[in-house]
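Engineer: Sequence:
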Amino acid sequence: MSLPQPCPKNLAEKVVAWQKTSGRHHLPWQNTQDPYRVWLSEIMLQQTQVATVLGYYARFLERFPTVQDLAAAEQDEVMPYWAGLGYYARARNLHRCAREVMEKWGGRFPATAADLATLPGIGRSTACAIAAFCFGERSPIMDGNVKRVFTRYFGIYGPTQKKAVENTLWAKADEMVELAPADLDMAAYTQGLMDLGSQCCTRSKPTCSLCPLQSDCYAHTHQVQSELPSPKERIRQDERYAHLLILELNGQVLLEQRPDKGIWGGLLTLPQFDDASSLHAAALRWSGKKAVALASFQHVFSHFKLHITPWLLHVDETLLAEPTAGQQWHDHESLEQTALPAPVRKLLLGLYQGKNSEQLILS
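Under full-length UniProt numbering, the first residue of the sequence shown is numbered 1, with each subsequent residue one higher.
Treat the hints as calculated values from the structure; they're not laboratory data.
This one's a predicted model, so the numbers in the text were calculated from it and none came from an experiment.
Where a beta carbon is used, it is the ideal one built from N, C-alpha and C, also for glycine.
One or more hints might be untrue.
[What the hints assert, rightly or not] Below, simulated DSS-like cross-link-like pairs (lysine-lysine); rule was C-alpha separation at most 25 Å, straight line:
| # | residue 1 | residue 2 |
| --- | --- | --- |
| 1 | 20 | 205 |
| 2 | 261 | 305 |
| 3 | 289 | 261 |
| 4 | 346 | 261 |
| 5 | 232 | 14 |
| 6 | 290 | 346 |
| 7 | 232 | 163 |
| 8 | 14 | 205 |
| 9 | 305 | 162 |
| 10 | 232 | 172 |
| 11 | 20 | 9 |
[Unchecked claim] So the derived label-pair ranges between C-beta atoms look like this:
| # | residue 1 | residue 2 | range |
| --- | --- | --- | --- |
| 12 | 260 | 58 | 24 to 32 Å |
| 13 | 327 | 21 | 25 to 33 Å |
| 14 | 235 | 157 | 15 to 23 Å |
| 15 | 111 | 171 | 56 to 64 Å |
| 16 | 20 | 65 | 28 to 36 Å |
| 17 | 118 | 66 | 20 to 28 Å |
| 18 | 115 | 353 | 42 to 50 Å |
| 19 | 326 | 227 | 43 to 51 Å |
| 20 | 115 | 50 | 26 to 34 Å |
| 21 | 321 | 65 | 38 to 46 Å |
| 22 | 100 | 227 | 36 to 44 Å |
| 23 | 171 | 298 | 37 to 45 Å |
Take these sequences, add in the hints, and give me the full structure.
Structural biologist: Have a look at this one:
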């Protein structure tokens, strides 16, 4: 008895019908054709879970309700509303993109995926999503959810990060749109693919019984859901070390601006040193006293693990040095509204919001 094979001819219609009855309809960036709001959600959702994005999305729109408002702001005004979301190049590109929309497109987002993809920070899939949701363009998308659905449905093996596999997936995505009816609801189809990956075709323990594509899905037919998508090749994670100085004076803490490139680009953070001896030398320059070590902790990035040791230096008297360019004092009460990296924010708020600093000092 031959096994059923993928039958893509009516895939798009099945996805649209399922999305309209079982897909997500409650998210704040749905049910709108405003490209600014759709674009913002697409950028925030890159590498970030929906549950995390919801609060950031609402706060960002409250402060920057239109692309004109975002373009008119300075980058320093934008970063606090992104602090904690990670991948900070997204925020810098968001700001650059808003200004380019104002300067080159008269304040209106272009209506085609090809033109959208020329804007800073907008890749092919994001451009296609905006074009599909806002302008009805027949443009396929290829985010993480769609990759999972397609690798399982079509039986496509190999890490999706590899160019050859990605090209195969895009070719299938193009083919599905070409095979779809002329009156295809592109917004429902696009949202439906993402919803399938989020609700049914999950990374582990997919609920195939709820999926409209299960009858001719390769992975379901061959019971290889756990094998697809193929795991990416393991790369030994790099480990790095950082020493952070918490310099206190009169209810304020010293922060410094990070360069735009590199980790935590464009954010404010604590003065950072590669080793303890460099930090101690700086502490002596500031006050003539040694800093005290607090409990070390780790922060994991996508491509390396950072071991962080904070050091506390409280100065009661006059400082022996002055802040350098890029350094500035911040009141403890203002830290919650300051553009801090997530681990630094957690460290400082834990230190100043009711937790005694002596509790954190290493024995």
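Engineer: Does each hint fit the structure? Answer for all of them.
Structural biologist: So, going through the hints one by one against the coordinates:
no.: 1; hint: 20 to 205; result: holds, 24 Å
no.: 2; hint: 261 to 305; result: holds, 18 Å
no.: 3; hint: 289 to 261; result: violated, 33 Å
no.: 4; hint: 346 to 261; result: holds, 23 Å
no.: 5; hint: 232 to 14; result: violated, 30 Å
no.: 6; hint: 290 to 346; result: holds, 24 Å
no.: 7; hint: 232 to 163; result: holds, 13 Å
no.: 8; hint: 14 to 205; result: holds, 22 Å
no.: 9; hint: 305 to 162; result: holds, 24 Å
no.: 10; hint: 232 to 172; result: holds, 21 Å
no.: 11; hint: 20 to 9; result: holds, 19 Å
no.: 12; hint: 260 to 58: 24 to 32 Å; result: holds, 26 Å
no.: 13; hint: 327 to 21: 25 to 33 Å; result: violated, 57 Å
no.: 14; hint: 235 to 157: 15 to 23 Å; result: holds, 20 Å
no.: 15; hint: 111 to 171: 56 to 64 Å; result: violated, 25 Å
no.: 16; hint: 20 to 65: 28 to 36 Å; result: holds, 30 Å
no.: 17; hint: 118 to 66: 20 to 28 Å; result: holds, 21 Å
no.: 18; hint: 115 to 353: 42 to 50 Å; result: holds, 47 Å
no.: 19; hint: 326 to 227: 43 to 51 Å; result: holds, 50 Å
no.: 20; hint: 115 to 50: 26 to 34 Å; result: holds, 28 Å
no.: 21; hint: 321 to 65: 38 to 46 Å; result: holds, 43 Å
no.: 22; hint: 100 to 227: 36 to 44 Å; result: holds, 43 Å
no.: 23; hint: 171 to 298: 37 to 45 Å; result: holds, 41 Å
Hint check: violations occur at hints 3, 5, 13 and 15; the rest are consistent with the structure.
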